[in-house]
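Undergrad: Produce the complete structure using the sequences and hints provided.
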Amino acid sequence: VLDSDVSEKMRYWLLIPDAALGAFGYFSEAILGLAGSTRRWQYRPWMVILFGIDVIPLGLVSVVLVVLQGTVVGSWCFLCIITAAISSLLVYCAYDEVWSSITYLRRVWGRSRSIPVLWNAFWGTASREAAEAALITEIS
Amino acid sequence: MWPRIAEILIGLWLLASPWVLAYNTAVSAWHMNGFVCGSAIVLLGVLSFWRGSKKAHLAEIPVSLWILSFAYFGSAHPAPAIAQSDFLTALFLLNFAIIPSQANLPPISWRNFREEGRPDGRPVPP
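Chains A and B, in that order, give the protein sequences.
1 is the number of the first residue of the first sequence in our numbering; add one for each residue after it.
1 is the number of the first residue of the second sequence in our numbering; add one for each residue after it.
I should point out that these hints are in silico values taken from the structure, not numbers from a laboratory.
Just to be clear, a hint being listed does not mean it is correct.
Partial chain A-side listing against chain B, Cβ under 10 Å, derived [stated by the list, open to error]: (1) Arg11; (2) Tyr12; (3) Leu14; (4) Leu50; (5) Gly52; (6) Gly70; (7) Trp109; (8) Pro116; (9) Trp119; (10) Asn120.
Quick caveat: nothing in here was measured; it's all calculated off a predicted structure.
By construction, the Cβ of each residue, glycine as well, lies at the ideal position given by its N, Cα and C atoms.
TA: This is how it looks when you write it as structure tokens:
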């Protein structure tokens, strides 16, 4: 797998081995997962959405790669199966926060119907509509 | 402030890496690029610790993009070790540079909003 023609071609396009890019992907998940507080779905939706873009497609891609191993390559790689399992678990752990952020932004949009207010809420600027959208859920 | 400390360390690696990974070649564009960009990253990371220049770390984003494109377009296949190192280092740097310095606290705007209180006077949950 590491010295195949496909791998060499990928290296030609990417400059670095694709495994290094994968390692960077997981590192990036760790950094974006550590940054910010538990309430960042409200304070920094951009960070949560970026985390979601990082985690969810990556998890799905690694599952697809494992399926390809069985169907196309015809042999299995133990470490790849483990990483795919962990990635799927991460998708499960991450999606609720991403969902909270999207719900929050939808509520801000529902209240304000204003793109600048939504834009500011996305980048973490406070406004009356954003506060209302974030607080109602906590009271009820 | 942990992203800033990581960036300063990465900047030091950018400074040092041409002399580690391309030690047997004459001083080249890689050495110059590593020196200039590494110094810039260290400087911007340190500047972020002052209140007046706390957003300085955002200026690391264009610097990282420059390192990324210099490594990608400035090297033939197979890429030399220094190009691969610069490429990967720039990716790491981009990741750190977007993290706010006080990411555990609410943004300034929300902190001010909480101090002013809600319009209806009820206490605001943290």
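Undergrad: Against this structure, judge whether each hint is valid.
TA: For each hint, the structure was consulted:
Nearest Cβ of chain B to the Cβ of A:Arg11: about 7 Å, under the 10 Å cut. The hint holds. Checking A:Tyr12 against chain B by beta carbon gives a least distance of about 5 Å; that is within 10 Å, so the hint holds. Interface restraint check for A:Leu14: the shortest CB-CB distance to chain B comes to about 8 Å, inside 10 Å, so the restraint holds. For A:Leu50, the suggested interface contact is upheld, since its CB lies about 8 Å from the closest CB of chain B, less than 10 Å.
The criterion of a C-beta within 10 Å of any C-beta in chain B is not met by A:Gly52, whose closest approach is roughly 15 Å, and the hint is violated. Residue-level restraint check for A:Gly70 is violated (minimum Cβ-Cβ distance to chain B is 30 Å; threshold 10 Å). The restraint placing A:Trp109 at the interface with chain B is violated, with a minimum CB-CB distance near 19 Å, outside the 10 Å limit. The criterion of a C-beta within 10 Å of any C-beta in chain B is not met by A:Pro116, whose closest approach is roughly 14 Å, and the hint is violated.
Annotation: A:Trp119 was flagged as interfacial toward chain B, and the flag is violated, the nearest CB pair being 13 Å apart, outside 10 Å. Using the Cβ-Cβ criterion of 10 Å, the hint placing A:Asn120 at the interface with chain B is satisfied: the shortest such distance is roughly 8 Å.
Against the hints set out earlier in the document, violations occur for numbers 5, 6, 7, 8, 9.
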